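K.L.:
Two chains, two separate frames, one set of hints: put the complex together.
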Amino acid sequence: MRFEWNKQTTAFVLPFYTFFRVFIAEDSSSNPYSLFTFMGMETTLAIEIKNLSKRYASHTALDNVSMDVPKGQIFGLLGPNGAGKTSLIRIINQITAPDSGTIRLFGQPLSPEHISRIGYLPEERGLYRKMKVGEQALYLARLKGMSTSEAKEKLKLWFERFDLNAWWNKKVEELSKGMQQKVQFIVTVLHEPDVLILDEPFSGFDPVNASLIRDEILRLKAQGTTILLSTHRMESVEALCQSIALLHKSKVYLSGSLNEIKNQYRKNKYRLMIELSATDFEGPFKTSIQSLQPSLMEWNDGFGILEFQLMDSSLVKPTLNHILTFGNLVEFREILPGMDQIFVETVTEKTQA
Amino acid sequence: MNTILLIVQREYWTRVRKKSFVIMTLLGPLLVSIFYGFLIWVSMAEETPTYRVLVLDETPDAMGAELTATDAPGLVFETGLPGDLEAFTRLMYEREEVDAVLVFPLRAFENPSSIYLGYKTPPSIESRSGISSAVEKVLEQRKLAFYEVPQSTFDEIRKRLDMPFRKLKESGSLQSDDSLIRTALGLGSGFLIYMFIFLYGVMVMRGVMEEKTNRIVEIIISSVKPFQLMMGKIVGIALVGLTQFIIWALLSGLAMGIVGAAFAPDALEQARQGTLQTQAEVGGINTGEVLAMIAGINWAVIIGSFIFFFLGGYLLYSSLLAAIGAAVDAETDTQQFMLPISLPLAFSLVISMNIIKNPDGPWATFFSIFPLTSPIVMMSRIPFNPPAWQVLLSMALLIVGFFLSTWMAGKIYRTGILMYGKKATYRELAKWLFYKGNS
Numbered sequence: 163m164r165f166e167w168n169k170q171t172t173a174f175v176l177p178f179y180t181f182f183r184v185f186i187a188e189d190s191s192s193n194p195y196s197l198f199t200f201m202g203m204e205t206t207l208a209i210e211i212k213n214l215s216k217r218y219a220s221h222t223a224l225d226n227v228s229m230d231v232p233k234g235q236i237f238g239l240l241g242p243n244g245a246g247k248t249s250l251i252r253i254i255n256q257i258t259a260p261d262s263g264t265i266r267l268f269g270q271p272l273s274p275e276h277i278s279r280i281g282y283l284p285e286e287r288g289l290y291r292k293m294k295v296g297e298q299a300l301y302l303a304r305l306k307g308m309s310t311s312e313a314k315e316k317l318k319l320w321f322e323r324f325d326l327n328a329w330w331n332k333k334v335e336e337l338s339k340g341m342q343q344k345v346q347f348i349v350t351v352l353h354e355p356d357v358l359i360l361d362e363p364f365s366g367f368d369p370v371n372a373s374l375i376r377d378e379i380l381r382l383k384a385q386g387t388t389i390l391l392s393t394h395r396m397e398s399v400e401a402l403c404q405s406i407a408l409l410h411k412s413k414v415y416l417s418g419s420l421n422e423i424k425n426q427y428r429k430n431k432y433r434l435m436i437e438l439s440a441t442d443f444e445g446p447f448k449t450s451i452q453s454l455q456p457s458l459m460e461w462n463d464g465f466g467i468l469e470f471q472l473m474d475s476s477l478v479k480p481t482l483n484h485i486l487t488f489g490n491l492v493e494f495r496e497i498l499p500g501m502d503q504i505f506v507e508t509v510t511e512k513t514q515a
Numbered sequence: 002m003n004t005i006l007l008i009v010q011r012e013y014w015t016r017v018r019k020k021s022f023v024i025m026t027l028l029g030p031l032l033v034s035i036f037y038g039f040l041i042w043v044s045m046a047e048e049t050p051t052y053r054v055l056v057l058d059e060t061p062d063a064m065g066a067e068l069t070a071t072d073a074p075g076l077v078f079e080t081g082l083p084g085d086l087e088a089f090t091r092l093m094y095e096r097e098e099v100d101a102v103l104v105f106p107l108r109a110f111e112n113p114s115s116i117y118l119g120y121k122t123p124p125s126i127e128s129r130s131g132i133s134s135a136v137e138k139v140l141e142q143r144k145l146a147f148y149e150v151p152q153s154t155f156d157e158i159r160k161r162l163d164m165p166f167r168k169l170k171e172s173g174s175l176q177s178d179d180s181l182i183r184t185a186l187g188l189g190s191g192f193l194i195y196m197f198i199f200l201y202g203v204m205v206m207r208g209v210m211e212e213k214t215n216r217i218v219e220i221i222i223s224s225v226k227p228f229q230l231m232m233g234k235i236v237g238i239a240l241v242g243l244t245q246f247i248i249w250a251l252l253s254g255l256a257m258g259i260v261g262a263a264f265a266p267d268a269l270e271q272a273r274q275g276t277l278q279t280q281a282e283v284g285g286i287n288t289g290e291v292l293a294m295i296a297g298i299n300w301a302v303i304i305g306s307f308i309f310f311f312l313g314g315y316l317l318y319s320s321l322l323a324a325i326g327a328a329v330d331a332e333t334d335t336q337q338f339m340l341p342i343s344l345p346l347a348f349s350l351v352i353s354m355n356i357i358k359n360p361d362g363p364w365a366t367f368f369s370i371f372p373l374t375s376p377i378v379m380m381s382r383i384p385f386n387p388p389a390w391q392v393l394l395s396m397a398l399l400i401v402g403f404f405l406s407t408w409m410a411g412k413i414y415r416t417g418i419l420m421y422g423k424k425a426t427y428r429e430l431a432k433w434l435f436y437k438g439n440s
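Chains A and B are the protein sequences, given in the same order. Residue 163 is where the first sequence starts when you use our numbering, and the numbers rise one by one after that. Residue 2 is where the second sequence starts when you use our numbering, and the numbers rise one by one after that.
Hints were generated in silico from the structure; no laboratory data involved. Treat the hints with care, as some may be off.
[To be verified] With a Cα cut of at most 16 Å, we get these calculated EDC-like pairs of lysine to aspartate or glutamate:
(1) Lys448/A / Glu460/A
(2) Lys19/B / Glu210/A
(3) Lys431/A / Glu469/A
(4) Lys144/B / Glu67/B
(5) Lys333/A / Glu297/A
(6) Lys412/B / Glu429/B
(7) Lys233/A / Glu210/A
(8) Lys292/A / Glu211/B
(9) Lys226/B / Glu275/A
(10) Lys423/B / Glu286/A
(11) Lys121/B / Glu95/B
[As the list claims (entries may be wrong)] Looking from chain B toward chain A, a few residues come up when the C-beta cut is under 7 Å (computed):
(12) Asn215
(13) Arg216
(14) Glu219
(15) Ile222
(16) Lys432
Remember, predicted model here, so these are calculated numbers, not experimental data. Glycine included, each C-beta is placed from N, C-alpha and C at the ideal position.
Just chain B, with the same shape it has in the complex (with noise of 0.2 Å):
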């Protein structure tokens, strides 16, 4: 039997096995939204702390008694207090829960800008937007008694078109605008990707030190050559890292089928007593217009290409990472290599979220052809469906990337698991690069 294979194979197994893998593979899913869960839980319960505002209010109507505080959560407002900005003030300061006074002027109506708002401590967004609103609906009142316009003609005006986008096809037909599931597609799998070259990659650093902290190393290249035993690790854990991705998706899978399954009464009670029909008629999405967009995906082509920048950056960024393991001797000398390799990672993840915005525009371009950018930059732009001779060159750059990438580590990797106790530095590692070795 090929000693690579044998090789792989202990890779793949023994990780495979740990118990660690499989809690992680069966309960990731389940932890992630449970975490997300956690977190909107937490922003929606967390307690607004009360903003208190007392109102002065000049006008001869008494405007500043119209206030309501509405929109914004924790807001009070106090009217008909009696006394004068200097009394007021004082009050303020007197008592501890009072965050602000708000001035309504003697000609607040005529001179609206003359309203201001002056605060002991600092309103927070959210009051501050709450206060403007509330203030802004009290002006409006006025003025539509005003100007004597009915409620019913300003809430004519003031409707809200949400206009319809849809795709015109070469036939004719329209399609539902699916912009919005392409692009949430594009980032997620770009996110996916990154955070699985990130995780695997770092596991090949790891095992490559475990082998060379463990001093096994020498014994396992006495039989077989460095390049294969760094080939052998990368190969096993890639499989590693697809078996979960292949678990991850069937989960899933199956959990949107019972969540589909769960909810899929429901809407068609909804369609029956014609809800989606208006929802629709305002432009909105309904269920059934989703499920057409999923349908209209290739999805061939994404878990195609997935598939493919996945293996194809986890290769290039794991060799470079599996040279840093053999380099250093101790995890914590793993940092000044590291920052390198995680920094394309991390601006090609910040490069995609940006070219969202023009995904076939020249930045888009360039960074979803280059190597190092590439598998996340382009599998973002692939629900897009960009020119196919740039997904081509794209991929044939990656695979001349990974090769270099391979070839340079394999060089660095072969002297690197043999030094015991040198300090590596970026100097050190050319110099490995072109030492004269086996083979």
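Excised from the complex, chain A in its bound form (with noise of 0.2 Å):
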């Protein structure tokens, strides 16, 4: 008997190949029905970066970078100027490739398919200035994949909370700056991305403006967005961040979550306020600390404040009880390194060693 496609055959056939497509096949990325997720190798990481690596003919911009991005969490990228973060960050785009290396998203190696799951906020970043406001967020919108119906509805919501409905036919150059600033982060996240990657996003913004789209990141991140924040400013990475890489003439130098690497940081330093009399302070008080040998010992309108550090955290019980003696707790808390502080430290260690 020949055999002949028909459409018994394809009848017979359709169900398996439907099964191996959905259930099994690999490169079908972001599958949720995946039977990888349903056995449990569902990942918990939004970004993997392994060994990546990327030369130019006169400098290095990464060498051998790795690094995990927790899903749903906002994911510090520090790092002085020329440290490689924006190279870093062109690569996971795919903007550039890397020399040697992988990343994967969501668990999969990052395929062109992941473009419309990122949204990316350059640091040197503008619009057409030409171009009408609404024309031009709509054209980026479908560069990302919408259609033009969703992207004009989502505009129209993001547009009303941004207060901007009325500039919808104006012409970029007809707006302030921070206008355009909010237009540029509107197109950005408009087209709903898993990943968010924010190169300085807080440059050029005034307070207002800035304290707007922190509000927005955070409800971005509440939402379930894994986001990356480049940024060389450690004030706002303490603020917002869970956990950091920290990149240095194109090697990571830390990479954690927030608090881990505090902890690690940690020098036991503490700082006391005690309600005490000037008498009392001058006294008793001073001399029986004495042995603390505090960095900070001062008396200030009926308090005293005082500043130290502890051989071992287990010491602390003992010295407050000590100091409670003589009077009322006002404030007693660990003074933790701050980012800038680690940073300069790592940094230094580093390279000493």
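P.N.:
Following this line, the structure appears as structure tokens:
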């Protein structure tokens, strides 16, 4: 009997093929039904970067860089200018390719299909000045793969939220700098990306708009978006990020959760404030704490203030008990190292080593 | 929807809707004709300054008195003044308006080369030829009288022959000579291609630079590949160019129709009176013949190859210009890179003007096949029906050339658009060519 492909054959083969496509095939990226997902191989990492290197003719931009960005977090990519942050971000955005190393996004090797799942706000950013605001936003949204009607609908909501409705038909050059930045932010997040990459997002914003953007970032995070925040400003990192990686001279110097890192760099330094009269402070109090070798010791308007370092955190309790015999405790806290301090320490330490 | 189509769409629409595009497209041909009309008017209306010549006549029979200044405008002869050369010279320098002294020595008729002009202010080329022809005319009249040749005989001898040139076809029939029209057509379309390549190529370069200096480019290439962005822009602007060309062609067709309708009755009237007949007899070209010539040209081939060579040349050059736009930070930095691009273009224009003398010569053949010059040079040859293999080879090489230039440009472009504050040099560009990039 001669074999002939006909309707029956199709009917027979199709279910098997569909099963394979839906549940097995690994290349079906972002496939929520993949068996790998059911088998618990679903990763908790949004971005996995392994041994990434990128060299240009005269310098190395990335030297064997590895880091993991956990899902649903705000991840701080830190480092001074020229450390390689932008090079790394461009590779994640598939603008350039690495010389070696791999990147996985939600467990899958980075591929062109991922482009629509990433939102990117570059450090060097701008808009077509002569193009109308609404038209431009629509164009950029459609480049990310959105349909016109969907993009329009979402843009309407965002424009309302950012109070930009009156500007839809204006040219970009007629907008103030702050408004342009808002439009820029909208087109970055409009397609509801799973990963949002923000390169120095607060630069160029006035304080009012900066806090507006900060709120939006937190709102998106609450919705489950993973956010990669690249900056050299440490203070915004401490306020927003759960995890960080510290890039310096093309290498990763430090990475992990912010709390862990801070714990690592704890110096057992404490600050204490106690209700105390001036005479008591100058007299018995001062002499009894001399052994602590406080770095700060002053009396101010009825309160004694003390900063000191202990050999071990187990010494906190006895020390505190002793001090409390002199007066009521107003404040006691551990002085944790700031990110900038950690940064400086790490860099100098590693360069010396 | 395909992203490259989206880019093409944007590039096309933003440009076509611009006021400057609408104005240029609708008024462009009008402005050009006004401009040329103005040029012609200026050259005609310009007042020629008077060139005053004192005639020093030493001939016994007053030859100089017969001088008439008819040919050259502004030429004035003053005859019949007494005195010798010394007196005339003094007079010339005394009277400010006098420019020269024309000397007819005693034996001027027997020895015409002894006649000369001594000037204070040098005569213009027009005045020179006017003076010589006036003198020649006097001599001519004298000689006719001397040799007793009647004027009518002389006119008969001097009658000019306007020999007709005809194409003798294989069938034995004669066809009117249309090489002039073909020359004009070839040069015209070559020049048009030159203009279009420049106009739209520079538009591509500006567009790329705009995206780079606006800092929007990184946002876009996080959604599409740099190459797609570049090609989208090039194709979009090509469509703008085609739109403009088609509108211009339609408008000039319309204008020619109107002009034709206005002048056609005149031509008919002339024909009835037989004036055209005589013109044709002496070898002139009449309107009917011109129309026949225009009809005899293979317009499908010409328009087809025009569009091909325009697009091919444009694609080749605009990709190179896109690379330049990507490499620089500001318009002023483009100069050094523009030269090697405008040179072959200008060169091919010069070549095509010269090859008209010999449309099938070795140089014409070579440059009409070489990709950088072929769009213009081959287009100038097309009306002369060059061998088919040459046209096909030229087309094939143009396609290869354009793939090559786009590939090169793509590499430079990809690196250049993200490079700020770095002064691009040729060496730098060469390095960018070999960077490992995406995909």
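K.L.:
Is it true that the CA of Lys423/B sits at most 16 Å from the CA of Glu286/A?
P.N.:
Distance ~15 Å between Lys423/B and Glu286/A Cα, so the pair holds.
K.L.:
Can the restraint linking Lys292/A and Glu211/B be considered satisfied, given a maximum Cα separation of 16 Å?
P.N.:
10 Å, holds
K.L.:
Holds or violated: Lys233/A with Glu210/A, Cα cutoff 16 Å?
P.N.:
Roughly 10 Å separates the two Cα atoms, so the pair holds.
K.L.:
Run the distance test for Lys412/B versus Glu429/B: straight-line Cα separation, threshold 16 Å.
P.N.:
Holds, because 12 Å separates the two Cα atoms, which is no more than 16 Å.
K.L.:
Tell me if the interface restraint on Ile222/B is satisfied: Cβ within less than 7 Å of some Cβ in chain A.
P.N.:
5 Å, holds
K.L.:
Assess, step by step, whether the Cα of Lys19/B is no farther than 16 Å from the Cα of Glu210/A, and give holds or violated.
P.N.:
47 Å, violated
K.L.:
Tell me if the interface restraint on Glu219/B is satisfied: Cβ within less than 7 Å of some Cβ in chain A.
P.N.:
For Glu219/B, the interface hint holds, since the closest Cβ of chain A sits about 4 Å away, which is under 7 Å.
K.L.:
Does the structure keep Lys333/A and Glu297/A at a Cα separation of 16 Å or less?
P.N.:
9 Å, holds
K.L.:
Take a quick look at whether Lys431/A and Glu469/A sit within 16 Å of each other, Cα to Cα.
P.N.:
7 Å, holds
K.L.:
Just to be careful: measuring from the Cβ of Arg216/B to every Cβ in chain A, is the smallest value less than 7 Å?
P.N.:
3 Å, holds
K.L.:
Holds or violated: are the alpha carbons of Lys144/B and Glu67/B at most 16 Å from each other?
P.N.:
14 Å, holds
K.L.:
Was the hint right that Lys432/B lines chain A, CB cutoff 7 Å?
P.N.:
5 Å, holds
In summary, the one numbered hint that this structure violates is 2.
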